[in-house]
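With these hints in hand, go ahead and build the complete structure from the sequences.
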Amino acid sequence: MDTNVSLPQKAVKEKRPRSLKFQFTLFFVLFVIAVYSIVIITSLQQLVGITETIGYELGSPIVEETAALIDGDAFEALSLSLDPQDPWYEETRLAMLDVKEKTNCIYLYTMAPAGGPVFRYIIDGSAPPDDEEAFSPLGAEEDISSYLKPVLRTLETKTFQVSSLDFNNQWGWVVSIFGPVLNSAGEAVGVIGCDFKAEKIYDRLWSQITRQLIVSALFVIIGFIAYLYLVNGVNRQNQRLRELRDAAEAASEALKEERDTIAAMKDALKVGLFFMDKNFIIQDQYSRFLETVLGIKDLRGGKFTDFIASSVPQTVITSLIEYFVLLFNRSVVFSHKFNEKMLEDLNPIQELAYVNPETKEQLILRCNFVPVDRGQGRLFVLGNIQDITGEKNLQKRLVELDSGKGPRGSQG
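First residue of the sequence shown: 1, per the working numbering; consecutive thereafter.
No lab work stands behind these hints: they were computed from the structure. Heads up, a few of these hints could be off.
[What the hints assert, rightly or not] What follows is a list of derived Cβ distance ranges for each label pair: (1) Ala74 / Ile321: 32 to 42 Å; (2) Glu253 / Phe31: 15 to 25 Å; (3) Ala185 / Ser37: 45 to 55 Å; (4) Val32 / Ala134: 48 to 58 Å; (5) Lys396 / Glu141: 46 to 56 Å; (6) Glu391 / Glu133: 46 to 56 Å; (7) Glu253 / Thr103: 28 to 38 Å; (8) Leu326 / Glu90: 42 to 52 Å; (9) Lys396 / Thr359: 13 to 23 Å.
[To be verified] Derived lysine to aspartate or glutamate pairs resembling DMTMM-like cross-links, with alpha carbons at most 25 Å apart: (10) Lys149 / Asp166; (11) Lys270 / Glu253; (12) Lys102 / Asp131; (13) Lys278 / Glu291; (14) Lys149 / Glu90; (15) Lys197 / Asp130; (16) Lys197 / Asp246; (17) Lys341 / Glu351; (18) Lys341 / Asp166; (19) Lys341 / Glu322; (20) Lys278 / Glu361; (21) Lys303 / Glu243; (22) Lys270 / Asp98; (23) Lys396 / Asp373; (24) Lys392 / Asp402; (25) Lys149 / Asp373; (26) Lys341 / Glu361; (27) Lys392 / Asp373; (28) Lys392 / Glu76; (29) Lys341 / Asp298; (30) Lys392 / Asp71; (31) Lys197 / Glu57; (32) Lys341 / Glu101; (33) Lys256 / Glu76; (34) Lys197 / Asp277; (35) Lys270 / Glu64; (36) Lys360 / Asp306; (37) Lys256 / Asp246; (38) Lys341 / Glu187; (39) Lys341 / Glu65; (40) Lys297 / Asp246.
Only a predicted model underlies this, so the values are computations on that prediction, with no experimental measurement involved. Every residue, glycine too, gets a C-beta built ideally from N, C-alpha and C.
Structure below.
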C-alpha cells in the first residue's frame, strides 16, 4: 500500500518540473518573437519615413520650379495632339532641361495617363533629344506598374507624393517625387516626375537594417543563455536578467546612433527646413541650419511667428497669420481658385528683412511655405528659409557699378 501511494507522488514531482520548464520555454519563445517583430517593424517604419523625408526635401523645390514653367492647358492640348512641332513643347523642354542641369537629379519629366498602368511621356527635360538612353520622346509609352501608386495618388489628391526606393537596371536604387500638372479648371491632367540616385541612401538603410538584425540576433542568443541559467537557479536568473537589461540598453544606443547618422544627412543641408502645425508650432524634425540662420537655439515647440516678430511690423504678422490660415484650409488650397503660384504671391514675407538676435546682423531671408497633407487628418505647412543676403548684396553692388556709383564708374 505504501508503494502504491509513493508512486503517484513521485510521478507528480517528476511531472511538475517538466511542466514548469515547458511553460517558461514557451513564454521565452513568444517573448523573443514579439521583440524581434517589434524591432523589425519599427525599423522599417522609420526607414520608410526617413526615405520619404529625404526624397521630399531633395525633390520638392525642383518639382515646384518645373510646375511654374508648365501651362496646364497647353500641356493638356499637347498630350492629345502629340505634335512635336508645337513651339510651346520645345520652349518648355529647354526650360525643363535648364532646371535639370542645375540640380543633381537624374531624370526630370512629365507624363499623362494613357490607360491602366501605361503612361505617355509628354515633355522630357532629362537630356537632349539625341541622347537615346536618357531622353524619352513625345508620346513614348511606358508601363509604370512598379511606381503606379504614388503617381495615382498625385493625380487624385493633387499633392506631392514620394515613391519608395525602387531599383532601376541602369541607375540602380532610385527615389522619385511626383507633382501634379493642373489646367485652368484645377484638374490634374498629368504629373511631373523627378528621380534621384539613392545608392548611398540604400546602402545606409541596408546597413542599419543589418545592424538591427545582428543586434536582435545577439539579443536572442543572450536570451537563450539567460534561459539556461534561469532553469538552474535564482542567482543565475538574476544575473542573466541584468545582462539582458544591459543588452537592451546597448541595442537602444545603437539604434539611436543610426538615427542620428540619418538626421545628420538632413542637417547638412544649408536650408532652414521645418514643419509647422496649425498653431504655427515648429515640430521636432527640422534642419539645424534653421537655428543658425535665425540665431535661436532649440526651436522645437515654439511659434514661428513669435521668432520673427521682432523683425517685422505687427501688421505683417497679422497678414502672415491670415496667410497661414489659408494654407491650412484644405477646401481653399486644393480648389481651382488658388494654384501654387497664387498662394506664393500671397506670401507677405517672400523676402524677409530679419535681424539675427544673436549677432545683430541684418539678413535677407527668402521664405517659402507649402501645405503638406500627411493623411489621417494631419495637415502641416513645410517652411523653407534660405539666407540670400549675399545674393542681394551682390545684386545691389552690380547695380551700383552699372550706374557709375562704384569704383568702376569713378574710374570712367
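Here is what the structure says about each hint:
| no. | hint | result |
| --- | --- | --- |
| 1 | Ala74 / Ile321: 32 to 42 Å | 36 Å, holds |
| 2 | Glu253 / Phe31: 15 to 25 Å | 21 Å, holds |
| 3 | Ala185 / Ser37: 45 to 55 Å | 48 Å, holds |
| 4 | Val32 / Ala134: 48 to 58 Å | 49 Å, holds |
| 5 | Lys396 / Glu141: 46 to 56 Å | 50 Å, holds |
| 6 | Glu391 / Glu133: 46 to 56 Å | 36 Å, violated |
| 7 | Glu253 / Thr103: 28 to 38 Å | 37 Å, holds |
| 8 | Leu326 / Glu90: 42 to 52 Å | 37 Å, violated |
| 9 | Lys396 / Thr359: 13 to 23 Å | 20 Å, holds |
| 10 | Lys149 / Asp166 | 13 Å, holds |
| 11 | Lys270 / Glu253 | 28 Å, violated |
| 12 | Lys102 / Asp131 | 18 Å, holds |
| 13 | Lys278 / Glu291 | 21 Å, holds |
| 14 | Lys149 / Glu90 | 30 Å, violated |
| 15 | Lys197 / Asp130 | 22 Å, holds |
| 16 | Lys197 / Asp246 | 39 Å, violated |
| 17 | Lys341 / Glu351 | 16 Å, holds |
| 18 | Lys341 / Asp166 | 31 Å, violated |
| 19 | Lys341 / Glu322 | 17 Å, holds |
| 20 | Lys278 / Glu361 | 30 Å, violated |
| 21 | Lys303 / Glu243 | 44 Å, violated |
| 22 | Lys270 / Asp98 | 22 Å, holds |
| 23 | Lys396 / Asp373 | 39 Å, violated |
| 24 | Lys392 / Asp402 | 15 Å, holds |
| 25 | Lys149 / Asp373 | 16 Å, holds |
| 26 | Lys341 / Glu361 | 31 Å, violated |
| 27 | Lys392 / Asp373 | 33 Å, violated |
| 28 | Lys392 / Glu76 | 38 Å, violated |
| 29 | Lys341 / Asp298 | 32 Å, violated |
| 30 | Lys392 / Asp71 | 30 Å, violated |
| 31 | Lys197 / Glu57 | 14 Å, holds |
| 32 | Lys341 / Glu101 | 23 Å, holds |
| 33 | Lys256 / Glu76 | 48 Å, violated |
| 34 | Lys197 / Asp277 | 31 Å, violated |
| 35 | Lys270 / Glu64 | 19 Å, holds |
| 36 | Lys360 / Asp306 | 17 Å, holds |
| 37 | Lys256 / Asp246 | 15 Å, holds |
| 38 | Lys341 / Glu187 | 16 Å, holds |
| 39 | Lys341 / Glu65 | 10 Å, holds |
| 40 | Lys297 / Asp246 | 33 Å, violated |
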